[in-house]
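J.: Now for the letters of each chain:
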Amino acid sequence: MSTSFVPAVRRQGSLHAERRWALIVAYVSLVLASIVMLAPPFYMLLTSLKGSAEIADLSGNPWLLRNPTLENYAAIIGSSMFRGFFWNSIKVTVMVVAITMVVSVLAAFALARMKFWGSEFLATGIFLTYLVPDTLLFLPLYQIVGGLGLLDSTWGLVLVYPTLTVPFCTWIMIGYFASIPKELDEAALIDGANWAQMLWKIFIPVALPGIIAATIFAFTVSWAAFVYPTAFITRPDEMPLTIGVVSQLIRGDTFAWGQIMAGALLAALPPVVVYAFLMDYYIAGLTAGATKG
Amino acid sequence: MASNIAMAGGAAAPRPGSLRRFARARSTIAFLMTLPLILIIGGLVVWPAGYAMHLATMNRRMTAYIGLENFVILLENDTFRMVIFQSCFFAIVAVLLKALIGFWLAHMLHHIPTKGQRKWRGMLLVPWVIPPALSTLGWWWMFEPSYSSINFLVNAVGFPSIPWLGSPWWARISIIIVNVWYGAPFFMIMYLAALKSVPEQLYEAAAIDGASSWQRLFRITLPMMRNIISITVLFSLIVTFANYDIVRVLTNGGPRDLTHVFASYAFQVGVLSGNIPRGAAVSLFMFPLLAVVAFFMLRGINARNKEMA
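Here the protein sequences come in this chain order: A and U.
Under my numbering, the first residue of the first sequence is numbered 8, with each subsequent residue one higher.
Under my numbering, the first residue of the second sequence is numbered 6, with each subsequent residue one higher.
Accuracy of the hints is not assured; some may be wrong.
Covered, in the sense of this in silico footprint (three residues per stretch, anywhere, with C-beta under 8 angstroms from a C-beta of chain A), are these stretches of chain U [what the hints assert, rightly or not]:
hint : region
1    : 190-202
2    : 260-274
3    : 282-288
4    : 295-308
Computed from the model, here is a short list of chain U residues facing chain A with C-beta under 8 angstroms [to be verified]:
hint : residue
5    : 31
6    : 34
7    : 46
8    : 50
9    : 53
10   : 57
11   : 60
12   : 140
13   : 143
14   : 154
Rather than coming from a laboratory, the hints here were simulated on the basis of the structure.
Backbone N, C-alpha and C fix where the C-beta goes; we use that ideal spot for every residue, glycine too.
When you get a sec, could you build the whole thing from the sequences and use the hints?
T.: Structure representation (structure tokens):
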């Protein structure tokens, strides 16, 4: 009896120690990883708060801030070109998000609930289109957008961005709609609701978390889009933020690093703010593709 | 077209008259609801993809058909062979590192008390949230030869400065570092979701049977996560293989065109040098890998759907 009892106690003790150890390893890894993950944005912030004399001074530690100043932010916000980039990004993103949500909610509803000829084939096709990268399509689209006379125009971007957003949004909305119990639509049909009422009064309210997740996805993707604006837009006044900051703030031999970093941080702010306030929806949208699909 | 489909839908279900009319109306409505999606996918994805194949067989001025000459010229070109090598090297190394680091971080997050997980997860996902073109600008500044803040740290530890973007191999490593920094959090989030879906009872049963932590990892965790791991890796393989932002901002293909990947080289040839057909041919080289990956992903997803059903 006692011989079998003693090892069990020792094992429990070692298990406890093992857990403690695992916890220490976990926290050390997380702290190290967080430092690495947050260092670049932190250093961007640091640079953006330095004057040009402090940036040019090579004698000190670049990771320290001695004379914080907001002059870079004042300069970048004062630049009408930068405000133009911001306005173009907002304009394009709002339109693309609206188009994306209307198109994908309608299509997802039809594909999740109203089986019709070719609907399964279409669902697979949507998934495959999501896998086609923009870098494979930008040259033919360059020709097509050029043929429509929309090069150098934000309208060209509004036309092509839905290819980045619609497939994934439709895909995750199909998942959310399919998880709504069929009894709900039967009840609605018996009460005499038509399809539009069913979608508007039942599916959209019930699948609201999915709709928020898809909207966030569409917003972040069109805000961060880079390949299409780089290829289609060469006129600064039609550029959205990403290509504007990358191509227009860098000119000549002397870079205004403080201003470039201030501009990049301001440009990155909207998606970061959305993420900070709606993190759970953001993550739901990210993981929905794999866990629901 | 719409009425054809409606007829097919109606004929497939032999039911009383009023119901059939209902079904007919229903599939017509359904088709109309998916029409915008079909137009977007057809007009802006399928048609351009076909058009790319057509373009790739044209001469520079797009006046004559030249067959596969663009592909032949590319394959005989040393720079392009390097692009093939660099694209594959970059994608494979970066995806492997992202998968390993993401798995490690997900595990560490899963270990700590649930209450604190949200906060850490929130911090660790920040690189994924910033548009990559903009965060790469920050990395570019950190790699900048004379002001490099990373070299400052490297010197502080006692090593000589590293020519991050100046020498070909360091430039390749820099691109991989930035891509891993950007993409590892995505893997972490996916794996964390998968880890949370593994039933706790399995681990309890294993603990009673006296399984070691390695046995738990290899016999329970990895098999249960197999599908999500493969879907995430395959998906990331496509996205990394087709990456443009990071290369464009960090090195723009340099030094001496040695860090170009398919996307940046296609951009250089097609847009900057104005040879659109040859640029289209460059980007079409991504297609075989894409097709293979898509095949395996569909298989994985179907298997997963069957498991869940």
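J.: Compare the structure with each hint and give your call.
T.: Going down the list of hints, with the structure as the test:
| no. | hint | in the structure |
| --- | --- | --- |
| 1 | 190-202 | holds (count 7) |
| 2 | 260-274 | holds (count 4) |
| 3 | 282-288 | holds (count 3) |
| 4 | 295-308 | holds (count 6) |
| 5 | 31 | holds, 5 angstroms |
| 6 | 34 | holds, 6 angstroms |
| 7 | 46 | holds, 5 angstroms |
| 8 | 50 | holds, 5 angstroms |
| 9 | 53 | holds, 4 angstroms |
| 10 | 57 | holds, 4 angstroms |
| 11 | 60 | holds, 6 angstroms |
| 12 | 140 | holds, 6 angstroms |
| 13 | 143 | holds, 4 angstroms |
| 14 | 154 | holds, 4 angstroms |
No hint from the list above goes unmet by this structure.
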